[in-house]
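> Residue numbers (this note's numbering), protein chains in the order written: chain D, 102 to 331; chain F, 62 to 835.
No lab work stands behind these hints, which were simulated from the structure alone.
Check before you lean on any hint, since a few could be wrong.
The list that follows gives simulated cross-link-like pairs (lysine-lysine, PhoX-like), each with its CA atoms no further than 20 Å apart [stated by the list, open to error]:
no., chain 1, residue 1, chain 2, residue 2
1, F, K72, D, K176
2, F, K750, F, K818
3, F, K818, D, K176
4, F, K746, D, K176
5, F, K168, D, K213
6, D, K176, F, K822
7, F, K460, D, K176
Calculated from the model, a selection of chain D residues having no Cβ within reach of chain F, i.e. all distances over 12 Å [stated by the list, open to error]:
no., residue
8, G132
9, A154
10, L155
11, K176
12, L186
13, N194
14, I206
15, T208
16, L277
17, H330
The beta carbon of each residue, even a glycine, is placed where N, CA and C say it ideally should be.
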Amino acid sequence: MIVLKTVSKVYALGDIETHALKNVDLTIKEGEFLMVLGPSGSGKSTMLNLMGALDIPSKGSVMVDSEAITAYSEKQRTVFRREKLGFVFQDYNLLQSLTAKENVILTARLSKNPMDIEDVFEKVGLKKHMDKYPHELSGGEQQRLSIARALVKNPKVLFCDEPTGSLDENTAKDVLNVLLTLNKSYKMTIVLITHNQSLSTIASRIIRLNSGEIVDDQENTPSKVEEIHF
Amino acid sequence: MIVRHIIKSAKNKWLSLILLGFIIALSSMVFTAVSLGVGTIEDSTNDYLDTYIQEDFSIQTSPLMTSFDQDTLQECGVFTFTLNSLYQEDQTCYYEVLNARIEALRKVEGIDLEARIHKDVDLLVNDDTHDLRVFYDSERINLTYLSNGEKPQNNKEVALLENYLNNNDLSIGDTVLINGKDFEITGTILFPDYTLPAILHPLLFTTDNQSLALMHEDGFDRLEVAPEFSIAGIFINDHFDINEALNDEDQPFFMSSILTENNMRSGLIYTEIEGTRGTAVFLSVLIAFMGIVIVGLILKKMIEQSRRPFGILRALGIKETELWHPFILIISLYSLMFLFIGYVTGSLLAPYIQSLFLEFYLLPSQAISMDIITIIIAIMVPLITILVMSYIILIALTKKSPLDLIFLKPTMGKPYGLKLFKKIGSKLSYTGKMQIVFLSRNFIKVLIFMIGSFFALIMLFIALGMEGVFEETIDGYYDSIDVRYIGSLESTDDLENAKDLEKAIEIQGQVDTHNAFIIGLDDSRLHPLKNAQGDLINDALDDGLVISESFALLSGVNKGDNVAVNVGGESFTIEVIDIADIYPGEHVFISRAFLAQTVLGDDGFYNAVYSSDPLDSDNFTSVFNVQTIQHSLNEINEIMTNLLYIVMASGLMMGVIIVYLLSVLTVEDHYYNIALLKVLGYHDKEINKMLLGGYDKITIILFFLAIPSTLFIYHALTTFIASEYNMVLPFHLKWDYVIIVGLLYGMIYIAASYKAKRKIKATSLQAALKIYQH
């Protein structure tokens, strides 16, 4: 599904070079729920940006759904993102000027095969809040809305960057439950990056990054969300 | 350190800041240039006109002999139809008739009167024939202002306008040929009743080929031309309506009186000064308003971008005021620099503005001096406004706890007037809705964008409207007829070859109490009359009156009306049969034979002949060559064209700056949204359409709104000039103007918004998102 071959990413700041990722090899299977763990500066976000066609590696190649996205132009990567990928961010990144429903439509209209909008709201438990503005929703509801926004275009892969980072424990569990449901019901590949080790128990696979390298990669038998201790 | 931070942040916006500085300087410059340039003229003009006793009003009396004049004529033993022919036969009697009329007018209490007699003659310079209106010295009203040299002392001397001498390489001491006689130029003069040299036509005021002149009375008499006159008057105490004080029984020769301020030649200067000052204040306030708001928008942007470092500095113990003061210092210095540049540029332009006035207007010149009030208004007022606004923005955005500053989330709240916008956008496409959302989020920027764009559009339309308006008013008339020479006659008895010329009567009169220039025509080959549909309507003169479009607009008289015509002391009622599509002034056309018979009892009378071939001046009192007026018109058109280019360039520049600044600011403000949309998979073009598409639509809407607004402004200008000066300037909105403005504005919009589109393309996908994730 997703294949990274000897991927490196170097950021240059003047004469100083920062190696964010170093020769990373990784294969993610379809339907996997992959948890990427690591401290700040370990290269988590860089890896997500490369897999999410937001950035290109300095070296190596990235293939997603059998497409070598590293060879794509900016325009081709945009098309790829709009058709195949979904994103959920820590701070929701909703457009506050649009209602919940309009935020979801914003991405639905990008997809050739979007899901039914009401179904999506049903799935994330926000059906009765469809006409509310983001600021009228709680933090957990806003994050579920951002999941709905990503989900509606029926993506092959859902990338989540610290999706529970701004939420309290109970709300975070609600959000994780939604993600687990999507993974199980739709066989959707989910890549979730976090520095919170306690979340890793719900994933089917866990990798750990440190200083731009994968230091650990293991299969996991997912536990229930309710068993997580934050 | 904070100062360095501000300068570093500002470096990224250098073009925006320079353009902003340009706007600030422009507002100061416009105000200073006009305030100093016009202010000096205003002061010296008021002194001049008071000292040299400008007339308060001017009275026109009939050029025909009236019942009132019969006693004087009998005493003289002379019988004539017109004052001109009386002058030819008996000059003493002519002045007796004139004095008798003035005495009759003196029955009105509270006024002083003096005859203002002039002769219109030719002056030959470098083989070119120029027009000269000659006066002799007044005694009580409209006294002569001698700007250089000496007044004429004998019958061979003349004083002319300084502008005329300069424009024709003449100087004091030169000899010129006036009506075939040599005169030496002894000095340069001005008359307070002629602040414009409107000799040939009220709208022709160049001094290239026409001048006013002063002669000694002996020199005046040496000119073998019949004089014309008006009666200049001043109010001794309170002003009142002269027309109401006079009546047909005591003063049957009275035709009209016109107040100085409503007389183009003497009063346009008042409106011009007032109008120019008002326009300058309006423009500078409008430009300053846009500049000040843009300062606020840029400052807000800079502070929002600095909120994290500020939060950290506050956490380290730096006071709020210590954060504000470097901003205020830099804003003060930056604004002061551009306001000062504007003031200095304005001061340098002021003499040019003054010279523009003195190019047209006949006024004494005076050196421009510094003026503390101008400095305060041009520099201090905008500076204080900018600083107060900056303080308010600084307080509003930074008076927060250090943590709030560090972790402040992007302001993405509900847009202003969201419900209204939602209602408007409810039936729009999703992109349309997004455009409405983005526009409502940028309410202030959209407002400034609209004001600036509309202002630029209107300037372009007005500039184009100015093009050709003089041509259409004057030249259009002379182009529509084949009359090339008009010979004026005192007596028709000895005119040879008159049978080959077209006879006409040209005379001042009144139609339904409105002053009119009545033209009696036979079945004219040279003077066709056409209505707005282009139909020839000369035959209509057999059945009644044909009025010009301008007379219809000025008087409110319409086709089919029965009107009272008062001419030469006789009155009759006649129907208006049609309206001729010409705008030369208050022209009214009637059958010559009918007019001659009705007024003078002689259907063979005429006082002018029309010809397409040159006329022998020996046979006529004067010969008017239409080419003379067309030559003068070319001079005016040249000046108007230059003015047109200046106004158009200003409009274009203003449009470019406003569109550039606001579209770039909009994109910068939506850096976050653009990045988000890109991450979601939107293409640059789609984002452009969502974010800037609203501006595209506003631009198109403004363009179409500018068309009726321009029509309204044209109408208001025409109405104002007509009501103030009895003059119709037919501003017409032509299709080619609409196309030209559309193309020009489209071009500046595309060019100015190009940078904003580039910025959208250059926005990093994930960088903006990260800014808010910490």
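> For this structure, which hints from the list above don't hold up?
The structure conflicts with hints 1, 5, 7, 9, 10, 11, 12, 13, 14, 15, although it agrees with all the remaining ones.
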